[in-house]
Amino acid sequence: MNKVPSGLKYSKTHEWVEAQGDGTVRVGISDHAQELLGDMVFVELPEVGSKVSAGEECAVVESVKAASDVYSPVSGEVVAVNESLVDNPEKVNQAPYGDGWLMTVRLTQPDELAALMDADNYSALVEAEAH
Amino acid sequence: MPFIPHTEDELRAMLAVIGVDGVEALFDEIPADLKAGEMAALPAGVGEAALSRLMSVRAQQDSGALCFIGAGAYQHHIPAVVWDIASRGEYYTAYTPYQAEASQGTLQLLYEYQTMIAGLMDMEVANASLYDGASSLAEEVLMAVRANRATKSRRILMPRTVHPNYHKVVDTIVRHQGITVEVRDYQGDSACIEVAEWQDEAGDLAAVVIPFPNFFGALEDVDALVNWAHARRALVIAVVNPLAMSLLKPPGQWGDNGADIVCGEGQPLGIPLSSGGPYFGFMCCRQALVRQMPGRIAGQTVDLEGRTGYTLTLQAREQHIRRSKATSNICTNQGLMVTTATIYMALQGHAGLQSIAAACHANTRALLAQLSAIEGVRAVFTGPYFHEVVICLPVPATEVLAGLAAQGVLGGYDLRSDYPELGNAMLVCATEICSSADLDTYAQALQRVLQAHPALSS
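Protein chains in written order, with my numbering: chain A, 1 to 131; chain B, 1 to 458.
Here are the computed lysine to aspartate or glutamate pairs in the DMTMM-like style, where the Cα-Cα straight-line distance is at most 20 angstroms: (1) B:Lys325 with A:Glu44; (2) A:Lys65 with B:Asp303; (3) B:Lys152 with A:Glu57; (4) B:Lys325 with A:Glu57; (5) B:Lys152 with A:Glu44; (6) B:Lys325 with A:Asp69; (7) B:Lys152 with A:Glu77; (8) A:Lys3 with A:Glu127; (9) B:Lys325 with A:Glu47; (10) B:Lys152 with B:Asp204; (11) B:Lys325 with A:Glu56; (12) A:Lys65 with B:Glu101.
If you're looking for bench data, these hints aren't it; they were derived computationally from the structure.
Every value quoted in this text rests on a predicted model; they were computed, and no experiment measured them.
Just chain A, with the same shape it has in the complex (with noise of 0.2 angstroms):
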């Protein structure tokens, strides 16, 4: 059973945004999306200061058997990145909502917050596509 978290909020494409109540977000994949993934070892993240858009790529997590795009899902200017994947990218599979978040984001259009969806609308979308 996946852990969808009730404080965050969620992308279609399976990232997560958690507001940091200073005007930046916390981004980082799913759950959903780490196990389906699989065993991550490689993480390219974005250069702090570059500018994101939402929808667009940002990141690539790389497993075992696939590399993957990470979607923005907010436009803003990266303030942070998380240094310690780059020697534990299995972080993103232990803990892809706390030590595993990938970004920290400055938000220049904080509208986008309200397009994404809560935990319940997210749930239902991963039941959805398991089907």
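Since chain A is already given, all that's left is putting chain B on it; use the hints.
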């Protein structure tokens, strides 16, 4: 066709099982107007006996002549044991190594090849080879543009002293990918790049290409060029002759930090000239850049029982996984050529390669001395060189080469079309296979050609 394993009866039985009338019906998805049809322009096939005769005649065309042409492909002695081993069925027809469980021999060989070539270049990692030196350079240009996150530039500096064919191949491959290759000229006397000339270079660069030796056989000032490039945050792409690297400073030791990516033509390592191919391109890089390196990479690991095993690794770079975002569309390597090169390198060892390289250089020096003793013939450049050198003649090189060929001597490579400013110049090379009698033969043949030339015999 005697080599198809199925009989007519078997074909009919198979078609009956799947419920199809004839083999043609299996291709009915292809629109009729796209089918190739009869191909009437092709001549009728010939049998094995006639074909063997034809190929024998063709093979005789260049045989018997003394070869003093280098220019990117070199005639070296290939010990008999090399192809004796490489011709074994296990090596000769072993197919693709994608199934590790069925390809341990091939994969181990690739791993050993990678280890040897990386060692020769003093670099950290190598791939399992690409098609040839020229396309390897193009791949490295693409790789440098991808990998250089510091400048994010799409500009490359490439000296005019890189092989002209490599320039053309790189242009073909990168021209429509938004990458600009800017060519920089050499200094008149040394045939090399003068770093001081580059002090005014403006703008960011993704990489600088450094040939060593360069197309003229001359030795660029690699330490100065590498340090210049790194100070500008550009990556260094080295294009080298593998045999030369046993004797000269290998790219991993250039400048303060070494070259970043290395490529070159592997033909000198036990591959025959074969009218131009197949050859192979080698590629090495720093560990930090390995995820941007294209091509196959064999890795060493352990199986479930802890036994050493080999497998293709870092495959998420490749197009069967990464598709349009892959480092390259290449999904193969020059397996047989690399097998040959590995056997050759194992046989010669580093010391063996060094003595071959030294013999090549000694013979070229001797050849230059003998030829420049002839009236009207002189070396064009001063400065150090490796196993190739440019000489200038009193009359056009094409005419001299024709006269030499008529006497069984392939004298060199005419430089006029690629470097018209050099006039009657040609590139000559003497490898370890030349005896002093061969050098005498060349000198005497050249003497005769010049004496008989209408422009000179007045």
